[in-house]
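Heads up, the sequence shown is in the numbering used here, so the first residue is 218 and it goes up one at a time.
No wet-lab data here; the hints were simulated from the structure. A quick note: this is a predicted structure, and the numbers were derived from the prediction, not measured. Take these hints with a grain of salt, some might be off.
As the list claims (entries may be wrong) - Within a straight-line C-alpha distance of at most 16 Å, the following computed EDC-like cross-link-like pairs (lysine to aspartate or glutamate) qualify:
1. K343 x D307
2. K343 x E293
3. K342 x E293
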Amino acid sequence: MAETFLAAFRRRGTYDTSFALARPWLYGIATTLIARHRRQEERLLRALSRTGVDPLPEALDDVVTHRVAAQDRERELAGALASLPRGHRDVLLLVAWEDLSYEEVARALDISVGTVRSRLHRARKKARNVLGDEEL
């Protein structure tokens with residue numbers, strides 16, 4: 218439904234306003250989108266039957282489960298990050314989100330690699346304490 222309204226919004230200039238109701242126009246957009254999704258699914262299933270390899274890296278239900286679990290902890294994580302000193306937070310985010318090496322973080326922040334290591338250790342320790350999580 219969201220895709221239908223997004224497509225309708227994008228094409229709003231082409232709508233013929235002489236029609237009182239937009240419902241048939243919206244149903245036409247929805248039908249086109251459903252057909253497109255069906256064709257994509259058919260292509261995916263044909264590829265799977267030919268190769269035996271699932272082109273999706275992770276099952277959709279697993280992806281959804283991980284996202285929901287992450288959203289549940291989002292506020293806690295934000296609080297944990299906010300409680301860190303700026304330098305520690307910068308190091309943690311550059312390593313975790315930007316996937317920079319210790320050397321790259323050191324260069325980016327103009328600090329030594331040893332400082333990166335100690336800040337990262339302290340940031341992880343404090344975040345673990347706040348979140349109660351041993352996997353950080």
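Results of checking the hints against the structure:
no.: 1; hint: K343 x D307; verdict: 14 Å, holds
no.: 2; hint: K343 x E293; verdict: 13 Å, holds
no.: 3; hint: K342 x E293; verdict: 15 Å, holds
The structure is consistent with each of the numbered hints, conforming to all of them.
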